[in-house]
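Chemist: Chains as they are written, first to last, in this note's numbering: chain A, 1 to 242; chain B, 1001 to 1586.
It is possible that part of the hints are untrue.
[Said to hold, decoys possible] Here are some chain B residues pointing at chain A (derived, C-beta under 7 Å):
| hint | residue |
| --- | --- |
| 1 | R1426 |
| 2 | L1457 |
| 3 | L1463 |
In short, the hints are calculated from the structure, not lab data.
Where is the CB? At the ideal position from N, CA and C, for every residue including glycine.
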Amino acid sequence: MNLTILAAFIFIQAPTDLYNQGNAAYAAKDYSQAIALYEQARRSVQDPRVLYNLGNAYFKTNKIGRAIQCFRQARRLSPRDPDIEFNLNFARNFRVDKTLVLENPFSRLAGRVLRYFSGLEASLLAAFFFLCAAACLCWFVINRRRLWLWLAMPLAVTFLFFFCADRVWRAESDPASAVIIVPEANALSGPGDDFSGIMVIHDGTEARVRETRGDYCLIQLPGGLGGWVKSNTLEPVFPRPR
Amino acid sequence: MKRIGSFLFIALTSILSAQQLNFEATVDRTTVGLNETFTLEVTASGEDIGTVPRPELPTMTDLDVLGQSQSQSTNISFINGKMSKQVAITFVYTLRPKKMGKTTIGSCQLKYKNQTYQTQPIDIEVVQGGSQTQPGPGPGPQPGPAPANISAGDNLFISAVASRTSMYVGEQTNVEYTLYSAYSIDDIGNWRMPSFGGFWSEKIYELDRITSQRTVRNGKTYLTAVLKRTALFPISAGDLRIDPMTVTVVVVQRDFFDFFGSGRQVPVTSNPLTINVRSLPEPKPQDYTGGVGQFTITAAMDRDSSISSEPIKLTVRVAGRGNIRLIEKPALPSINGLRILAPEVKDGVNITGDAIEGWKEFTFPIIPQTDGEYLVPAITMSFFNPRTAKYETVRTRELRFWAIKTSPSVAVSDASGLKILGTDIRYIKPDARKIPGRWAGSPAGLAFIYPLGLLGLALSFWLRRHRVRIATDHSYARRLRSSRLVRKRLAEAETKLKRGKQQDFYCALSQAIIGYTGDRFNIETQAMTKDQFQSELARNDVPVEVIDKLLEILGQCDIARFSPGSMTTKDPPDLLRKTKEALSQL
């Protein structure tokens, strides 16, 4: 019985305490201790602050890949936080492998606008505006008053915006997107040690997993380059909840 | 056979020990196929003879002389303390018969010291096709056209020779492939080199145009050509096997039908080699990077100051003789305040004689993180020198550079453009009183809203259509109204029955039936006779038994209304139930 009380106590109280203790360890520059505490907190709650601080601690211990993973998870929960955005970009620029694909300014702007609302907000607002637009359209069909049609149109446009935002977040949290978490990994031409190497990729490189075979995954970088790497060299950015 | 003959001949002359000259003619075979060639050797030998003139050949009408050559051999021997010097001068003629049958090579004549010598005539039989006797191996026949059924063997083979067969890991050995052929060669093709697994291989020489030379091996004359020479550096210790190489040799061949000779392709395979590789002595020095040979190391920077954290390129160059390409990057000491990135590697190899020389450059980008003067200490590298069988260490000189303006903002220029970044990530979020769990991602339950909206739209279309029909279609409107009206009328009748007004009840009941059927089928039933009513209902496909039921109820109502005295035995509630039943069947 004592144990259950303790367990319940930890379950309810722990995330906040763990987080605050982690902050203390971070301030004392004991980053590995901070990582351990934040990781425990992350196991029970999904909170942008925990993820952001954990990302910082990982960055300080030179684990760029894990830091990027944390910042991206934090950004999904709190997309309007400029600190998260800044640190994510900072960590990305700190990587050994620079992205060779120039993002075009339009799509970058669109991405920023669409990511203004978080995934949850976007999906709720999309549903709300869809209902409003549908109701106006129904009323127009029944009554044949033009006013309702004119009202339905901007509502539908608003719905489309939030729908796109929702899609963007879904694409962002695609389980196929992964990040390299080891300092250096060899991308081979096939799923096995004896295949010839194609390139060497480094910590923090973001890629998409196209296929998994045994111990190996076929990954593709944004530029289109790809290769087979060991599954334990990377981690999905958004692991499926267990 | 021929060798024995000439030996006997020499022996004979020495026994005679005559001052005079021996003059003899021999052929390599006496039965010759038409279009085949054979050789006639005319030998003049004797003790201490000097130059002899060329002998006069007899006129041979049936034979063509294709070529001639001359050779001389000297045999010095001591018998009973006395030196004798036997000299044999041989004139070799290549002959070819012109026609079939028997022919004779007449006596050759030689004039020497005022004496005339003659040889015995030789009978030759010329037969159709190839002769029965094969050209006997010996130093005599020149490499020439090959017989019909040749294959790789003693007369045609590749010899693979390694310059050394026992050495250290990483030491150089050269493997040379030489083609030996007793026949003329037209072409060499279809090269299949071994993979040299377990070695780093570097080509030194490869045959591009056939240039052959004569070589005597085991007393036999061959045309030889060096096909390939490769430097090999073993990567691991143990007995390493080098697989044989294979080429297809096109041998010139003459036969009866082909006057000028034709090529015949013969695959030839070399012998395999085994090389014994010793591992390097232990312990290896800390800074050993895999070099075996003799190397030097130098370091240089592309500039001596860095502004705004511009990367400085530190190039470490290793050069020398040995397995240069197998050398790995030298370890750089870690220096506080410097970020040293993975190096860019370049190498080059040139071949001087049979030795492999080259260089390898490691270019490390160095990014200073803070201002100040930096010292890059001497970089050391050890290699194994197989000549002394010892490890040797070489070092670079120290390098210095300045870094300024790193603190205010670190500008890292990367491949995707210039980005101005802060010096560090932003600090962590402050402590929290309460961290609530947050719902991440999109709620899947919201998806039901979308079909719901479409359903609403479909519903509103249906509603619109319904309204329009009510407004425009009279019968539709009456039909829609009918069930509501009949319910109302029947309820009215029921209340009248409860109040005991029998007459009114029957009146309401018949009104309900007539009104409902009228509304239902959009017919004017108020002024109808029973027959008309019946026929109208029948026209609208109402079942006969339902019509009968309705007519019976109407009849009972009429009876009750117009002749109240003759009350039927049927009780009114039962009639009401029957009416409801009949109308529901309509």
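Chemist: Compare the structure with each hint and give your call.
Modeler: Here is what the structure says about each hint:
A cut of 7 Å between beta carbons decides the hint on B:R1426: the least distance to chain A is about 5 Å, and the hint holds. The interface hint given for B:L1457 holds, since its Cβ lies 6 Å from the closest Cβ of chain A, which is under the 7 Å cut-off. The restraint placing B:L1463 at the interface with chain A holds, with a minimum CB-CB distance near 5 Å, inside the 7 Å limit.
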